[in-house]
Each structure stands twice: as C-alpha cells, then as structure tokens.
Amino acid sequence: MSIWAFANPARFTRLVSRILPWVAGAAALCLGVGLIWGFFFTPDDFRQGSTVKIIYIHVPAAFIAINAWFMMFVMSLIWLIRRHHVSALAARAAAPIGAVMTLVALLTGAIWGQPMWGTWWEWDPRLTSFLILFVFYLGYIALWQAVDEPDTAADLTAILCLVGSVFALLSRYAVLIWNQGLHQGASLSVDKEENVADVFYQPLLFAIAGFVLLFIALVLLRTRTEIRARRLRALMLREVA
Amino acid sequence: MLGQYAPFVLAAYGVTILLVGGLVVSSVIRSAKVRAALEKVERTRG
Chain A
1 MSIWAFANPA RFTRLVSRIL PWVAGAAALC LGVGLIWGFF FTPDDFRQGS
51 TVKIIYIHVP AAFIAINAWF MMFVMSLIWL IRRHHVSALA ARAAAPIGAV
101 MTLVALLTGA IWGQPMWGTW WEWDPRLTSF LILFVFYLGY IALWQAVDEP
151 DTAADLTAIL CLVGSVFALL SRYAVLIWNQ GLHQGASLSV DKEENVADVF
201 YQPLLFAIAG FVLLFIALVL LRTRTEIRAR RLRALMLREV A
Chain B
1001 MLGQYAPFVL AAYGVTILLV GGLVVSSVIR SAKVRAALEK VERTRG
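Chains A and B supply the protein sequences, listed in that same order.
Just so you know, we're using the numbering used here here: the first sequence kicks off at 1 and counts up by one.
Just so you know, we're using the numbering used here here: the second sequence kicks off at 1001 and counts up by one.
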C-alpha cells in the first residue's frame, strides 16, 4: 500500500486509533526510564553540579522544537504540491506542540543559565534564534485562527512555515554559524570529544526517544481531532444551508 | 541530593511538567469533546 493511501482522512483516523495506544505507551516507558535514570541515578557534573540534570528535559525539548517545525515544513510542502488535507491538518496539529517545546527549551535554558552563566537571558545567537522561532510558532497558530476559509488558511500558513524554516535552521546551527555567545555547541555529537559523557548520554538518549514518541503520539491525536473537527464543521454548515 | 542548585533543577522540572502535562491534558480533552460532538451530529442525521 502506498503512503499516500493514508492521505484519506477515514483511513488515517482508523490507523491512528490502532497505533496511538502503542505509541503513547512507548513514550511513557521511554520518558519514565530516561527521566528517572537521569534524575535519580546519575552523578553531578564536576563543574555544573546537579544542574546537569536539566539536560534531560532541555535538550529533548529543544530537539523537538526544531524538528516539529521541520515536520510542519514537510507537511506544508505536501499540502502545497499535492493538496492532501490531512497533511495541512497535521501541520496545524503539530504547531502548538512545537510552541510548547520551544517555550520549555527557553524557560529551562533560562533556569539553567542563571546559576551557570550568572544571567537568565543573553542575546546570544542560539537563544535569540529560538526566541524568534517561538514567535513564528505563535504567528503560525494565530494565522490558522484568523482565517475562516480552511483551504486559504492552509495556503497562508504553509507559506509562513516555509519562511519560518530559515529560523528553525538558524536555531539548529546558530552556534556554528556565528561561533560566539554563551551557549555551548551540540550536546550530542558523533565526535566523542564533543559529546556529553557516557554516564549522561545513555539516559539522555532515552529521554530524547521519549520526547520524540510523545511528539508523534500528540501529533496523531491532534490530527485526528482536527479531521473530526473539520467533518463536524462541514456537517453543521450543511445543516444550516 | 541536589545541593545548592535544588531550586533551579526543581523549577526546571516543574515548569516542564506543567507545560507538557497541560498540553497532553488539553489535547485529550479537546479530542473527547470533538468526538462527542461529531457523534451527536451524526446520530441526529441518522
């Protein structure tokens, strides 16, 4: 069966009902293992003390913040090229999740920054590009709310998403591009020298897997809701007419 | 266990649980509401 078969809303809804409990269960398991292992069973860092435990929420949230926008970018392209409604609704469903994850990354970063850098906020390239990404998320959500006609809203938000992708990319590579500011480079790297120590790395992988699975579960749930809301709206409009 | 940085670590986890928990709960509630409303309309239409 082709992947495009799931662009059919009824088929997509049936698929979600089948796989959602498994994805949500796997998310809970990975989050439980990663966060409990990281919080209770890893040592303090020799320089950062116990604040290193913030890594298990800050890094996964930042990872989702960027990649949620990338997922919206792909869904927006599919909408613009192939006009599948499910893809537009999936992008709409992902936006609030991405916004919350960006906010979590910003807030936990500020809370981590105060004891380590001596400041809650700095106009650092990584921090600033994340703040701009958060504003783009809010703008994207507001644009969906502001336009009544669903296809026009999908068109306009898809274009906004393509433009905002520049900032999602900048958020990811800001540290490398500008090579300045307080924020460190990537926590996860194929370079063993740059990577976090193994004792933090393993629970961090579980936490990231948990956040990714939670994101997928929420996107599936919220997309199914959007499909049902769209059908409800269509039925009610037909009754009025 | 967390030493002098306990308020920062606990605040970070607290904010995350509040925001992500709120997102999950609001998503589930809206899903249930929309599903119930759709079923009601479909029932009345036969």
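Calculated from the structure, these hints are not laboratory results.
Think of the CB as a built atom: it goes at the ideal place given N, C-alpha and C, for glycine as much as any other residue.
A hint or two may mislead.
Some but not every residue of chain B turned toward chain A, in silico, with C-beta under 8 Å [to be verified]:
(1) L1002
(2) V1009
(3) Y1013
(4) V1020
(5) G1021
(6) V1024
(7) I1029
(8) S1031
(9) V1034
(10) V1041
So, going through the hints one by one against the coordinates:
{"no.": "1", "hint": "L1002", "in the structure": "holds, 4 Å"}
{"no.": "2", "hint": "V1009", "in the structure": "holds, 5 Å"}
{"no.": "3", "hint": "Y1013", "in the structure": "holds, 7 Å"}
{"no.": "4", "hint": "V1020", "in the structure": "holds, 7 Å"}
{"no.": "5", "hint": "G1021", "in the structure": "violated, 10 Å"}
{"no.": "6", "hint": "V1024", "in the structure": "holds, 7 Å"}
{"no.": "7", "hint": "I1029", "in the structure": "violated, 10 Å"}
{"no.": "8", "hint": "S1031", "in the structure": "holds, 4 Å"}
{"no.": "9", "hint": "V1034", "in the structure": "holds, 5 Å"}
{"no.": "10", "hint": "V1041", "in the structure": "holds, 5 Å"}
Checked against the numbered hints given earlier, the structure breaks hints 5 and 7 and satisfies all the rest.
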